[in-house]
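Following the hints, position chain B against chain A.
There are 2 protein chains.
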Amino acid sequence: MTITTITTADRRFDLTGGAGSDAVHQNIQYGYAVCELHTDAGITGVGLAFTLGGGNQLVCGAILELTKGLVGREIDELMADFGTVYRSLTDQPTYRWLGPHKGVVHLALAAITNACFDLWAKSRQVPLWKLLLDLSPEQVLHTLDLSYLEDELTREEALALLTDPLPTRAEREVVLQTGYRGYDTSVGWFQYSDEQVVDKTRQAMDRGFTALKLKVGSKDPARDLRRARLIRETAGDAATIMLDANQQWDVPTALRVCAELTDINPYWIEEPTHPDDVLGHQRIARAVAPFKIATGEHLPNKVLFKNFFQAGAMDFCQVDAVRVGGVSEFITVSLLAKKMGIPVVPHVGDMGQLHQHLVLFNHVALGHEALFLEHIPHLRDRFVHPATITRGRYEVPQVAGSTCDLLPEA
Amino acid sequence: MTITTITTADRRFDLTGGAGSDAVHQNIQYGYAVCELHTDAGITGVGLAFTLGGGNQLVCGAILELTKGLVGREIDELMADFGTVYRSLTDQPTYRWLGPHKGVVHLALAAITNACFDLWAKSRQVPLWKLLLDLSPEQVLHTLDLSYLEDELTREEALALLTDPLPTRAEREVVLQTGYRGYDTSVGWFQYSDEQVVDKTRQAMDRGFTALKLKVGSKDPARDLRRARLIRETAGDAATIMLDANQQWDVPTALRVCAELTDINPYWIEEPTHPDDVLGHQRIARAVAPFKIATGEHLPNKVLFKNFFQAGAMDFCQVDAVRVGGVSEFITVSLLAKKMGIPVVPHVGDMGQLHQHLVLFNHVALGHEALFLEHIPHLRDRFVHPATITRGRYEVPQVAGSTCDLLPEA
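In the order they appear, the protein sequences are chains A and B.
Position one of the first sequence corresponds to residue 1 (the numbering used here), numbered consecutively onward.
Position one of the second sequence corresponds to residue 1 (the numbering used here), numbered consecutively onward.
Isolated chain A, as found in the complex:
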């Protein structure tokens, strides 16, 4: 199956009624820069990068530039050594100066990489999770670029991380029957009224969710505390509550407000300050311990993840395959996280469509604990095969590919 033409799509979806709002963003539009790899078999590989709409056209422009060398490539042959392909794209010498490994060009790489993996799975007529689980450790390794990680993760160590869990894999495969637990981010958007937060929390718990997220980061910390107490009271002490500040605080403010918010026993506090601030997060993590810090949706690459892990600046790793350089870098970061003892709980810029596959791989193949996967329902009617949650768990997808195909524009 050979790639014959490559197109992009600039897709933008308005959210209404406060959905998606946080301390930094109102009037939300979700956007996907879509890479489409068309083949001589009539099958199309589809890969997403997530944006908030604006600038999507720049990501699409970068996709077209970077994929010029992929036309004419046979998909199995391409993926057999995808780590080298990935590195040649990410270290393309001139585009590298627009990063390296960050921003518009790296988001383009996410869409390209994800389209390649989607096409690979479709070409084998299996869901992506099955494709990945059926690869040998060496085959997985060949899809990765481990450069600049050598001080923490050698090739030999990566291979061992893929090989060592094999004997116990069957124990973890039970998740392929039960499905992967979800957590609900859509109960506590920033602009929701107190009444909405209470209502939506109750509804979510009725639907089987036991883990919920609330947006904080108000100019008035008293509002944060009031809402946090409200959701805790509504959900009960047994519920798992996460708080998300979306980078709203400087470090001194984060230290001050987090100390108050720990009163409600949050499972984690997310993005307390600027995403690049390794040592700021380290300081906050030390101050709030034993409470935990989560971050990652805005970390652009494996090198910054390495730094956060080394610094003890991140207790939960929220790497997002539609925000870093795609499935390949997601797996690389997941390997590094496994070695360094950090759980991976992806952010879902893809609304879980792609990550429902990747968390199954992380659990079954790498032995990462099966915690839960974020669930955001707002684009369900935009996907051909929307992720489905039943009794609080993601159903295991059975269709071929990575379930990222979008319905045509109305």
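One or more hints might be untrue.
FRET-style restraints, in silico, Cβ to Cβ [to be verified]:
#: 1; chain 1: B; residue 1: Lys68; chain 2: A; residue 2: His38; range: 53 to 61 Å
#: 2; chain 1: B; residue 1: Asp134; chain 2: A; residue 2: Asp199; range: 57 to 65 Å
#: 3; chain 1: A; residue 1: Gly72; chain 2: B; residue 2: Asn265; range: 31 to 39 Å
#: 4; chain 1: A; residue 1: Ser147; chain 2: B; residue 2: Leu64; range: 44 to 52 Å
#: 5; chain 1: B; residue 1: Lys219; chain 2: A; residue 2: Pro221; range: 33 to 41 Å
#: 6; chain 1: B; residue 1: Ser136; chain 2: A; residue 2: Pro252; range: 40 to 48 Å
#: 7; chain 1: A; residue 1: Arg226; chain 2: B; residue 2: Thr2; range: 44 to 52 Å
#: 8; chain 1: A; residue 1: Pro343; chain 2: B; residue 2: Leu176; range: 56 to 64 Å
#: 9; chain 1: B; residue 1: Thr2; chain 2: A; residue 2: Ser147; range: 32 to 40 Å
One side only, chain A facing chain B, incomplete, derived with CB under 7 Å [as the list claims (entries may be wrong)]:
#: 10; residue: Ser21
#: 11; residue: Ala23
#: 12; residue: Gly53
#: 13; residue: Gly54
#: 14; residue: Val71
#: 15; residue: Val104
#: 16; residue: Asp151
#: 17; residue: Leu153
#: 18; residue: Thr154
#: 19; residue: Pro252
#: 20; residue: Asp277
#: 21; residue: Val278
#: 22; residue: Val303
Hints in this document: simulated from the structure, not taken from any laboratory.
Note that beta-carbon positions come from the ideal geometry of N, C-alpha and C, so glycine has one too.
Showing chain B alone in chain A's frame:
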């Protein structure tokens, strides 16, 4: 003077004969994404962002998107509170998701910001260095965005850093007569033969340079060592020699090769590994001490500079105003560096055209030591007012603006 229309230019210049080559880049093209602010007075503010050509069109596209709100703005009024303008551009909620504060969108901000400062100086008919030196500490502060630095640099501390050096300013103003010392990067490009390195080193010293840079990072470390010894022997023990690896090494390799290269007593070793690797640089800096590490041309924003300073991961700060968010972020980083005791020696993606102004400001107004400024001669014939080096020193520019006007395309 009011901004009436805004245009961009995608300018690319091929270099020949190995000029500009390093361990990562061959067949060099230098590129500028140019922001042009046209006014009702017929004067145009010109700002540059530096690339290696590829993707320049993406940066130009982002400039046009981000500048939509600047049409109709009066330049003095705009610059009186430019810190707020800057922050509203850099934290534009949807474009922020393409970073934040990095990559294509942040490079666009560099060009926009630099065009604003250029226009401001032209509107007052003074060179940029004089405009900046004539501002009061409060006026300078109003051009800056100090967000996310609060843990290391409060607004009060920034004001003190601008105010405290005022009484001793006259002592430092001598540089306005003598000019600012340059160092020559063009003697030791990666692809130059040994004979070329020797010849160009001799020529540079004949022209008054006493500080020179050599590109290292060869696949064969013996080549690096041979060339380093060659330039040391040619230039003599009194010369200042810098070595630049352009991110070629992983951390273990950097540790190994740097240990050998210190034999030639380098003034610094530059970009030993991935630019985002705060703790990798910290480890290398500790290992090579008392030798020094320089980096910064690929650090996208003030938050990462803060981390490098905090970690002791950077002995020389090579912030580049055409690579971070322009003059405003350059001054912000310079203030932070001053507070934390780190010398600023800019990388010159602008070929020194803009930085010849900024180092005068850093020395005279902030009290930074006047070390030297990188000199790269390859685009001299492309600028309307090319920076001029006489007896190893940059002549102090006397024309209005930031001397970044490019000649029209041939």
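Starting from the hint list further up, note which numbers the structure goes against and sort them upward. 1, 3, 4, 5, 6, 9, 10, 11, 14, 17, 18
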